[in-house]
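Undergrad: Below are the chains, spelled out letter by letter.
2 protein chains.
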Amino acid sequence: MISDLNNIFSDMVNRSKRSAIREILKLTQQPDIISFAGGLPAPASFPIEDIKNITNQILEEDGAAALQYDATEGLPELRETLVESYQNQGVNCDIDNLIITTASQQGLDLLGKVFINPGDKVICGLPSYLGGISAFVSYGAEMIGVPLDNDGMSAIELQKTLEKLSEKGEKPKFIYIIPDFQNPAGITMPEKRRLEIIDIAHTYDVLIVEDSPYREIRFEGKPQRLMYQLDNTGHVITLGTFSKIVAPGFRIGWVLAHPDINDKLVVSKQSADLCTPTFVQKIAAKYMKSENYEKNLNKTIELYHKRRDVMLDGFRKHMPTEVTWTEPEGGLFLFVTLPEYLSAEDIFRKAIEKKVAVVIGNVFYCNGEGKNTMRLNFSYVNEELNRIGIKKLSETIKEAIATYKSNKKENSFA
Amino acid sequence: MISDLNNIFSDMVNRSKRSAIREILKLTQQPDIISFAGGLPAPASFPIEDIKNITNQILEEDGAAALQYDATEGLPELRETLVESYQNQGVNCDIDNLIITTASQQGLDLLGKVFINPGDKVICGLPSYLGGISAFVSYGAEMIGVPLDNDGMSAIELQKTLEKLSEKGEKPKFIYIIPDFQNPAGITMPEKRRLEIIDIAHTYDVLIVEDSPYREIRFEGKPQRLMYQLDNTGHVITLGTFSKIVAPGFRIGWVLAHPDINDKLVVSKQSADLCTPTFVQKIAAKYMKSENYEKNLNKTIELYHKRRDVMLDGFRKHMPTEVTWTEPEGGLFLFVTLPEYLSAEDIFRKAIEKKVAVVIGNVFYCNGEGKNTMRLNFSYVNEELNRIGIKKLSETIKEAIATYKSNKKENSFA
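Sequence order for the protein chains is A and B.
Counting from -8, one number per residue, gives the positions in the first sequence under the numbering used here.
Counting from -8, one number per residue, gives the positions in the second sequence under the numbering used here.
Just chain A, same shape as in the assembly (with noise of 0.2 Å):
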């Protein structure tokens, strides 16, 4: 090996951490854990029977285009698919304003790659999906928290985040939300707010970043719409995704954006991978219309509901007064908010021992804050295993609210 190999990686290597979270899930894959900690969606919402379907008459009718090359902005068909679902949605776009990526994450890096140099500010919720900060930071961002409250971003500390930099000349290159069923807090942004964060990005001169992978993914209330859809004057790029509504192990999400900003996009992807694999793109395109897409979706809403039911329900059934937690209308996340005198960390630690896996909060926060929080996805375990599991998370808590309060009773009494 060459003598120096640690002294010539780049900045952008340096600035890259292996993600908290995936090494946790290396913690918590042995096989008698029962894990809320990953983001996975349940297997039995996979549409085997169809995709095998789909893929044999696409093999059958169209398997040479199917296996070659294809354009970089992505499969004509499948982008005409989606901006009609778009567009079905009320939604003002064409095909000029769609183009496809490797997963929505390939998305977010592109986005980092067009437009952070290092240094610049990108402003995102406290907490937020870490994923998307890995990527900004890895193009030397400076990640700006400003708090949710209960309808998401609070607007009035993104307007005094924005005017603050503002005096001092300065803007961010985007601010990053994920308006339903936030990742990790799973929160949902009311129509209202998404009005008032438009309203200041407009007033502050800035981009929004929407990220929205779990949109479809609604249990109860009313549909929200995409603040691209409320914006419509080019300050909004939204990301959207297969993984959550079909299928991950496809790898396909999309970019809504003014054209301008899908052409840079487009450049970047070019030397990223080329183009995102015709194969799947093709099966993909061929599903959605297919009349099973909505009926698996149903079915796959329907499952998480259930599931976050039972979760709910352990939680009120279990969890000691001095918990609280977020009750989402949808996606797969909710987050659990500890006394501040416990150590989520802790808990985690002590979890692992009762074979119950969760995700550390504290991971979400750019600033370093919550520490008393943690994340529990609803979509992987069964029903059985997830009452099994919450009730030891609950138990391992109630110890732990115990152990302090008799250390603390002795310490009053010392």
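By construction, these hints were calculated from the structure, which means they are not laboratory data.
Positions of the beta carbon are idealized from the N, C-alpha and C atoms, including for glycine.
Treat the hints with caution; some may be incorrect.
Claimed, not checked - Pulled from the structure, derived: some chain B residues nowhere near chain A, Cβ distances all over 10 Å:
{"no.": "1", "residue": "ILE24"}
{"no.": "2", "residue": "VAL74"}
{"no.": "3", "residue": "SER76"}
{"no.": "4", "residue": "GLN80"}
{"no.": "5", "residue": "LYS104"}
{"no.": "6", "residue": "GLY160"}
{"no.": "7", "residue": "GLN215"}
{"no.": "8", "residue": "LYS308"}
{"no.": "9", "residue": "GLU331"}
{"no.": "10", "residue": "ILE343"}
{"no.": "11", "residue": "ASN353"}
{"no.": "12", "residue": "LYS382"}
{"no.": "13", "residue": "THR394"}
{"no.": "14", "residue": "GLU401"}
As the list claims (entries may be wrong) - Derived lysine to aspartate or glutamate pairs resembling EDC-like cross-links, with alpha carbons at most 20 Å apart:
{"no.": "15", "chain 1": "A", "residue 1": "LYS43", "chain 2": "B", "residue 2": "GLU52"}
{"no.": "16", "chain 1": "A", "residue 1": "LYS345", "chain 2": "A", "residue 2": "GLU390"}
{"no.": "17", "chain 1": "B", "residue 1": "LYS43", "chain 2": "A", "residue 2": "GLU52"}
Based on these hints, arrange chain B on the given structure of chain A.
TA: Structure of chain B alone, referenced to chain A:
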């Protein structure tokens, strides 16, 4: 749209240009054009029936896993299959040496991300694969070109270049080499030259990136050992791909490298796309282990061999004596050198009028040379059109030579 969109793009995207080839390909995609311009495999080489059978088997036996997320490093069974295949060739490697990428283009991009800070030097051949150059330049690399001779990159010129850098206290991040059936030159580096270059890399303590997408497509001559194998000290990083041996529509590539390098590539890949599509990795792993893999590869080699022969035959029959070309022992491309007084761009335009397309060789020269060169692909066009196309291209060149000579004569009379 925000007011200053054009000013907020990153330095990185401002360094990237739309691929010149990509823009040329648009010109050449009229259906009646005979295109030697792209780098597409022949659709006839795709094992459609085999892929169908294997996909059905996978969805029946292992469907849920095929549709789920998998490890960033790549699917274990695919990595193992590839490692075994290398071991069978005598390459000293194990599973930690090999990671999967979303085609080898992603490998090139990740190498850029992991090694290159703006202003860093990278050495490449004159000419070299444009997708490699573009990826490195997007991260701010300054490309330094080293001429090729009949045995590939000149060892003497490489040494001179490294010595000059060394005198200034500099060394490049790596030397980018395509040793087998080089794109675009069609030249293969014999073992002697490989060893000389490895020796130089050791002396100057610098990494080699060995890009090897065509190696398995050999028509004749002795298979050369990988530079990775000849080095065996961790100085060589090798990129491979299924794009030319199975199908580009899968977008599966791999990197063979020292584990310390792979470790950084994996961290970068995590934020690039989390993982390569599990679905296609499963199919590729199973297909590679099937007996039809070798059969289909041999069929592909035969097909391209025939097409190369038809092209060379056309050249010998029709090309004016002032024109020279390479005669590759494998791969997909050959390289044509026109007399220096001709402009390949001019020939390109005239050939397009005759419905024949090539790529101007100049785009592969990081130093702007090669204005009288052209790359021709022989894998895509069938034999009949190949014959017609080469005849027309030869006519175009003959006419241009005649025009030049008659102008020169006139001028000499003036």
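Undergrad: Would you mind marking each hint as holding or not holding in the structure?
TA: Hint by hint, here is what the structure shows:
1. Non-interface call for ILE24(B) relative to chain A: holds, since the shortest CB-CB distance, roughly 17 Å, exceeds 10 Å.
2. With 10 Å as the threshold on Cβ separation, the claim that VAL74(B) sits away from chain A holds: the shortest Cβ distance comes to roughly 19 Å.
3. The claim that SER76(B) is not at the interface with chain A holds, since no C-beta of that chain comes within 10 Å of its own (minimum 21 Å).
4. The beta carbon of GLN80(B) sits about 22 Å from the closest Cβ of chain A, which is more than 10 Å, so the claim that it is off the interface holds.
5. Against the 10 Å criterion, LYS104(B) falls within the reach of chain A, whose nearest CB is about 5 Å from its own CB.
6. Remark: the non-interface label on GLY160(B) is consistent with the geometry, its nearest Cβ contact in chain A lying 13 Å away (cut-off 10 Å).
7. Against the 10 Å criterion, GLN215(B) stays outside the reach of chain A, whose nearest CB is about 23 Å from its own CB.
8. Under the 10 Å C-beta cut-off, the non-interface status given to LYS308(B) relative to chain A holds; the minimum distance is some 31 Å.
9. Every C-beta of chain A lies more than 10 Å from that of GLU331(B), the closest at about 32 Å, which supports listing it as non-interface.
10. Annotated as non-interface, ILE343(B) keeps its C-beta farther than 10 Å from every C-beta of chain A; the closest such distance is 21 Å.
11. Against the 10 Å criterion, ASN353(B) stays outside the reach of chain A, whose nearest CB is about 19 Å from its own CB.
12. Look at LYS382(B): its CB is around 27 Å from the nearest CB on chain A, clear of 10 Å, so calling it non-interface holds up.
13. Look at THR394(B): its CB is around 36 Å from the nearest CB on chain A, clear of 10 Å, so calling it non-interface holds up.
14. The claim that GLU401(B) is not at the interface with chain A holds, since no C-beta of that chain comes within 10 Å of its own (minimum 45 Å).
15. For the suggested pair LYS43(A) and GLU52(B), the alpha carbons sit about 12 Å apart, so the restraint of at most 20 Å is met.
16. Pair hint LYS345(A) plus GLU390(A) holds up; C-alpha atoms about 12 Å apart against a cutoff of 20 Å.
17. For the proposed pair LYS43(B) and GLU52(A), the alpha carbon gap of about 12 Å is at most 20 Å, so the pair holds.
The earlier numbered hint that this structure contradicts is number 5, and it is the only one.
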